[in-house]
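K.L.:
Sequence:
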Amino acid sequence: MTDLETSRSVPPVRIHALNRRPVRLDARYVLYWMVAHRRLSWNFALDRAIELARTLQRPLLVFEPLRCGYRWAAERHHRFVIDGMVEHRAALSRAPVFYLPYLEPHRGAGSGLLEHLARDAAVVVSDDFPAFFLPRMHAAAAGRVDTRLEIVDSNGLLPMRSTDQVFSTAFAFRRYLQRQLPEHLLSRPAARPDWSGLPVLDDLRLPDAWRAADPILDEPEAWDGLPVDRSVRPVPFNGGSGPARARLHAFLDHELGAYPEDRRHPDRGGTSGLSPWLHWGHLSAHEVVDATLSREGWTPLRLSDRVDGRREGWWGLGAAAEGFLDELVTWREIGFNMCALRSDYDSYESLPDWARETLEAHEVDERPYLYDLAAFEGAETHDPLWNAAQRQLVAEGRIHNYLRMLWGKKILEWTPSARDALEIMIELNNKYGIDGRDPNSYSGIFWTLGRYDRGWPEREVFGKVRSMTSESTRRKVEVDCYLERWGPGGSR
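For the sequence shown, position 154 (counting from the first letter as 1) is numbered 157 according to our numbering, and the numbering increases by one without interruption.
Hints are computed from structural coordinates only; laboratory data are not their basis.
Here are the simulated distance ranges between beta carbons:
1) ASP149 / PRO108: 20 to 30 Å
2) GLY200 / GLU352: 43 to 53 Å
3) PRO239 / ARG313: 36 to 46 Å
4) PRO491 / ALA20: 47 to 57 Å
5) ARG313 / GLU352: 30 to 40 Å
6) GLU474 / PRO239: 29 to 39 Å
7) ASP368 / ARG298: 44 to 54 Å
8) SER297 / GLN168: 26 to 36 Å
9) LEU207 / PRO491: 50 to 60 Å
This one's a predicted model, so the numbers in the text were calculated from it and none came from an experiment.
Every residue gets a Cβ at the ideal spot worked out from N, C-alpha and C, and that includes glycine.
When you get a sec, could you build the whole thing from the sequences and use the hints?
P.N.:
Written as structure tokens, this is what we have:
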């Protein structure tokens, strides 16, 4: 293995070469193709690109494109990413790095741009993200660029490629984490990028076909001409690492202590609300964990040597922090484990055998109500609580975590089959969810159909898959204010 292939700062298990082309030592720059880890800190992919640029003594070109032709492309998702681009342009104007943001003005306009940039690149580094169209995009690019293409995993604490085992329960995955995480905890991406010693790329001339599409990031009215779904309006909060950190520290300073109880109740809020920024790469799980552990005065000596899969006690923290980290690490990263190792992660056939068998056995059961996609999308069911959750999804791009489970269970109950329910859940979640199209959101959708769960007492429609009702939900959690806000004509 050559010095260029051996990383000093990024664990080799996080680096995956997609082709066998050599690094070109006489090329003009190192190209970082930023497509998922859209941040300038706590980013192993950026660390790898900087390391290669410094070793090769070549400038670093950061290329952050945003296509408009992907499924569910909407103003909501575009605006969130553009917020981050504005931040990046300002931050990199003070660094010896050339930043190239690119907003595709019409479908297909960006075709060939990556290959054009790669012609002068010693190596192309990009983000290893296992869901949506990104794996197919990277695989196709590996055959088209004429230099080495690496993808780097900066998704979570556990490197996705450190195991070839797909875990079927959170308990089994948690037990594995408790055995394996200690060796990875001290290997972290840089909290602040070190630009020192990088040569400067003074200019980058692009053909007119691409230069004309340079985004006018200071003029929001110019974004209105982008060919995306205008009916899915922007969310009422901003993208970018700045807003992400503000939300993180507000949660840790004022809300973490009540997290174990308040997170269950829609009326109290209580959740961290970080999933949009985690999904779009504006915030790193490493940074969230570091901030949480720092508040607790944590050291590795507080780790328990117990590896029994229990949810509390392993980190050596208070109950609130332990519960929060279990959601952030165990439940979030089990989704990355599935997506990285099973290409059919979003298909009905990926459900456990027991779940498919029981759901199919109960397809003949009479449904109490049946709704089509339009009725679900328009929040036109008979159930006020379900309708409220759907209105929140349409307006805010997210649903309270507890009600998200109910939302999915009711779609299963009110459609002719589990396959129909899955199709509707994916469509609504990916169209409106600002954190949709993510391994974590696929985990939530498929959990409603039995993934990561066990069999329960058999009942109509659900079979042995866990059921939920709005009536029991209203008895267990506080929803009166939620219903007032998200009911028809609510204050929002």
